[in-house]
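K.L.:
As given, the protein sequences belong to chains A and B, one line each in that order.
For the first sequence, our numbering assigns the number 92 to the initial residue and increments by one for each residue that follows.
For the second sequence, our numbering assigns the number 92 to the initial residue and increments by one for each residue that follows.
Misleading hints may appear alongside valid ones.
The list cannot tell twin chains apart, which means a pair is met if one copy fits it or any two copies do.
[Stated by the list, open to error] With a cut-off of at most 20 angstroms between alpha-carbon atoms, the simulated SDA-like pairs for lysine to any residue come out as follows:
id : residue 1 : residue 2
1  : Lys474    : Gln372
2  : Lys451    : Arg203
3  : Lys292    : Asn133
4  : Lys292    : Lys458
5  : Lys217    : His239
6  : Lys512    : Glu111
7  : Lys302    : Lys363
8  : Lys363    : Gln180
9  : Lys302    : Asp219
10 : Lys217    : Glu243
11 : Lys393    : Thr147
12 : Lys119    : Tyr162
13 : Lys371    : Glu396
14 : Lys474    : Gly374
15 : Lys333    : Ser287
16 : Lys217    : Arg203
17 : Lys371    : Ala235
Note that these hints are calculated values from the structure, not bench results.
Only a predicted model underlies this, so the values are computations on that prediction, with no experimental measurement involved.
Protein chains: 2
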Amino acid sequence: MKSFEEMTKEELLKEKESLEQAYRDYQKRGLSLNMARGKPANNQLDLANPMMDALTSESDFSCADGDVRNYGVLAGITEAREFFAEILQCDKDEVILGGSASLTLMYDTISRSYTHGVLGETPWCKQDKLKFLCPVPGYDRHFAITEHFGIEMINIPLTEDGPDMDMVEKYVNNDPAVKGIWCVPKYANPTGVTYSDETVKRFAALKPAAKDFRIFWDNAYCEHHLYPEQDQLLSIMDECKKNHTEDMVYIFASTSKMSMAGSGISAMALSKRNREDVLKQMGIQMISYDKVNQLRHIRFFKNVEGLRNHMKEHAKILKPKFDLLEKVFDEELKGCGAGQWTTPHGGYFITYTTMDGCAKRVIELCKEAGMVMTGAGAPFPYKKDEHDSTIRIAPSLPPIEELEIASHLFVVCVKLATVEKLIG
Amino acid sequence: MKSFEEMTKEELLKEKESLEQAYRDYQKRGLSLNMARGKPANNQLDLANPMMDALTSESDFSCADGDVRNYGVLAGITEAREFFAEILQCDKDEVILGGSASLTLMYDTISRSYTHGVLGETPWCKQDKLKFLCPVPGYDRHFAITEHFGIEMINIPLTEDGPDMDMVEKYVNNDPAVKGIWCVPKYANPTGVTYSDETVKRFAALKPAAKDFRIFWDNAYCEHHLYPEQDQLLSIMDECKKNHTEDMVYIFASTSKMSMAGSGISAMALSKRNREDVLKQMGIQMISYDKVNQLRHIRFFKNVEGLRNHMKEHAKILKPKFDLLEKVFDEELKGCGAGQWTTPHGGYFITYTTMDGCAKRVIELCKEAGMVMTGAGAPFPYKKDEHDSTIRIAPSLPPIEELEIASHLFVVCVKLATVEKLIG
């Protein structure tokens with residue numbers, strides 16, 4: 092295939108005409124497609140339906156900490172803390188359980204730091220300048236939290252091994268206004284990158300200028316593999332302990348994309364000192380999160396092996412969707428110079444990188460043909476994609492028949508935007 | 092019965108000796124009793140066990156807003172908003188659902204006001220002085236939140252009709268530092284008082300000096316009647332609308348003491364302007380609270396009538412416990428001058444008022460005989476009970492056989508502390 096850049100103006104105009112014809116044909120079909128958010132598909136949710144039978148009116152509601160139906164047990168039931176400790180590669184006494192969303196645990200952690208400070212340091216609301224490092228492209232909801240609290244966000248390029256650690260070290264070790272960094276260390280949202288051992292070790296060895304600097308380690312996709320051979324991520328907690336820096340990290344995860352997105356359970360892991368400080372404050376905010384749902388999860392999954400078997404069933408549904416997109420992109424886009432795409436081993440996203448200055452137009456074209464994509468710029472702080480080239484593709488929600496249409500439509504939009512750009 | 096104050100020193104010494112003998116007898120029994128927290132008893136929790144069968148693996152998980160198993164629907168499902176609208180005496184479009192605790196909704200509301208301000212006003216963290224009015228005796232967890240945020244608390248005496256409204260009006264209408272007031276308007280914790288129509292009307296007619304003043308109307312016991320004839324509470328939302336002051340009130344409730352304390356659902360009601368402002372901020376903190384549990388509650392209770400029938404079953408368990416305490420107190424304490432007690436028509440508490448300077452000692456005596464009571468001073472800001480006379484009694488948790496022992500032990504402790512005080 093001849094790449095667009097090698098084409099003459101005449102060839103490009105011809106190509107454009109043919110693409111516009113194809114595009115109009117899609118428009119006529121009155122499509123309603125959605126590849127915007129990392130939502131599980133209905134048949135993935137069905138996998139967790141039997142969880143609804145894990146607790147019935149006849150059940151024994153007692154756990155290691157007593158009757159889950161009553162008040163109490165702020166940090167969550169022991170069985171669920173043990174479960175998450177294994178997932179998060181730490182000790183059960185380093186775990187606090189949350190509600191149905193780890194996003195809330197992250198927001199609340201930032202909010203507590205803002206109102207009351209971190210481990211006795213000055214509350215962030217009383218400090219002059221606050222900054223967060225944001226590996227990009229990244230997760231829009233992370234950036235929304237920091238923006239909401241008026242925290243200046245600094246872009247850090249994400250490489251194949253994780254964030255550019257030279258830059259991270261330079262900022263963290265020298266600027267006391269830098270209070271945190273957002274990380275999705277495994278099957279990152281949206282690139283699919285898993286941080287290398289070297290990267291994790293360098294994180295654990297940071298020597299922050301600010302005592303209240305924290306790594307927000309959002310291990311959202313820790314168990315979300317697409318292949319039997321999984322990416323391996325070092326335990327940041329273990330590495331930090333080797334460096335006596337365990338107070339520097341907060342680890343987050345949830346079962347949102349394991350059980351049900353609307354009713355999972357979440358957890359955070361943190362050093363014993365951090366945990367004591369956080370629990371003292373959480374105890375003002377609540378008596379406990381939903382312990383019945385914690386027990387329901389444990390009765391259903393039984394243990395982490397049970398969870399991992401469950402996740403293999405998810406992979407059986409998800410992988411064909413990723414495969415389809417990769418196949419269509421390979422067949423129709425390879426060599427045409429209209430961009431690159433990632434081929435992740437897990438997680439929920441493919442990142443498509445267009446020619447500079449084309450992403451917004453691609454998303455606009457998709458929309459006008461009835462397909463919703465994640466908004467342009469969303470994977471960047473302040474929604475600013477300097478190169479206007481990053482598109483997050485979420486293939487999980489549509490059924491495979493729809494995805495087939497969606498992928499071909501996407502190809503037409505990408506090609507058309509590229510040709511338009513080259514013609515100028 | 093001769094009252095203690097009428098006794099001669101000699102009579103008092105004799106009485107003391109006999110009380111000490113009775114007290115030592117209790118001590119020898121190695122009791123383990125608890126009347127500290129308003130926890131439902133096991134057989135109350137059992138009433139909600141069938142809720143576990145309301146959703147099974149075979150259920151239809153769709154609600155008016157789609158599939159509850161997936162992400163989305165920040166404010167909560169329509170069916171549950173309608174349910175709470177009826178309970179909270181407002182419109183469904185004024186309701187936001189929360190997680191398993193209304194306490195968290197209250198904390199988060201204060202926290203948002205602190206970090207981002209109320210409806211565009213200066214965030215509380217950037218204001219010099221913050222004050223809250225606290226009707227006393229009141230709920231310790233309310234006071235813990237305001238203390239946590241460094242908000243100065245001002246005691247407002249609670250009368251039979253509700254808070255002293257002359258004082259409330261004086262503070263609210265004149266001091267711009269007064270940002271809120273904590274109210275439990277029905278079957279108040281711990282006195283059992285229900286605010287009169289006049290009180291509700293005067294609340295709705297407040298003309299706050301601070302634009303960001305809010306009434307925190309914690310209607311925790313709205314459906315928790317002990318008698319068929321219920322206390323009636325005017326709808327504060329309706330009254331506020333008559334005065335165009337509906338932005339001034341936040342209303343809270345939960346099913347914690349209706350379904351299961353460890354896994355209920357909560358809600359807040361607020362004017363459309365407030366709601367829009369709150370939802371915009373909540374959308375940064377989460378995607379939604381647990382919608383499966385919202386649907387489970389609706390499928391179980393069906394409607395508010397179903398809930399009210401359910402609460403009658405609760406009353407059948409609770410009322411004999413209140414009756415027992417009242418009977419024992421009537422028989423053994425009436426006329427002896429060792430204090431007064433409330434006889435509430437609903438809620439979870441009896442307030443016992445000792446002779447000044449005796450409450451701490453009573454609680455200490457109880458503890459040393461193996462009975463945990465709510466800490467002295469707990470129903471007051473900063474745990475300071477100036478008169479050292481208020482004891483919150485929570486009779487719900489112990490089985491009736493234990494409560495029988497507990498009530499007699501309490502009588503001995505009250506009498507002994509009173510006699511000790513009189514002897515000096």
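K.L.:
State for each hint whether it applies.
P.N.:
We went through each hint and held it up to the structure:
{"no.": "1", "hint": "Lys474 x Gln372", "verdict": "between (33 angstroms within a copy, 18 angstroms between copies)"}
{"no.": "2", "hint": "Lys451 x Arg203", "verdict": "neither (36 angstroms within a copy, 34 angstroms between copies)"}
{"no.": "3", "hint": "Lys292 x Asn133", "verdict": "neither (39 angstroms within a copy, 50 angstroms between copies)"}
{"no.": "4", "hint": "Lys292 x Lys458", "verdict": "neither (43 angstroms within a copy, 52 angstroms between copies)"}
{"no.": "5", "hint": "Lys217 x His239", "verdict": "both (16 angstroms within a copy, 16 angstroms between copies)"}
{"no.": "6", "hint": "Lys512 x Glu111", "verdict": "within (14 angstroms within a copy, 95 angstroms between copies)"}
{"no.": "7", "hint": "Lys302 x Lys363", "verdict": "within (16 angstroms within a copy, 42 angstroms between copies)"}
{"no.": "8", "hint": "Lys363 x Gln180", "verdict": "within (15 angstroms within a copy, 45 angstroms between copies)"}
{"no.": "9", "hint": "Lys302 x Asp219", "verdict": "within (15 angstroms within a copy, 27 angstroms between copies)"}
{"no.": "10", "hint": "Lys217 x Glu243", "verdict": "both (15 angstroms within a copy, 19 angstroms between copies)"}
{"no.": "11", "hint": "Lys393 x Thr147", "verdict": "both (16 angstroms within a copy, 18 angstroms between copies)"}
{"no.": "12", "hint": "Lys119 x Tyr162", "verdict": "neither (57 angstroms within a copy, 30 angstroms between copies)"}
{"no.": "13", "hint": "Lys371 x Glu396", "verdict": "neither (33 angstroms within a copy, 39 angstroms between copies)"}
{"no.": "14", "hint": "Lys474 x Gly374", "verdict": "between (35 angstroms within a copy, 17 angstroms between copies)"}
{"no.": "15", "hint": "Lys333 x Ser287", "verdict": "within (17 angstroms within a copy, 63 angstroms between copies)"}
{"no.": "16", "hint": "Lys217 x Arg203", "verdict": "both (13 angstroms within a copy, 16 angstroms between copies)"}
{"no.": "17", "hint": "Lys371 x Ala235", "verdict": "between (27 angstroms within a copy, 12 angstroms between copies)"}
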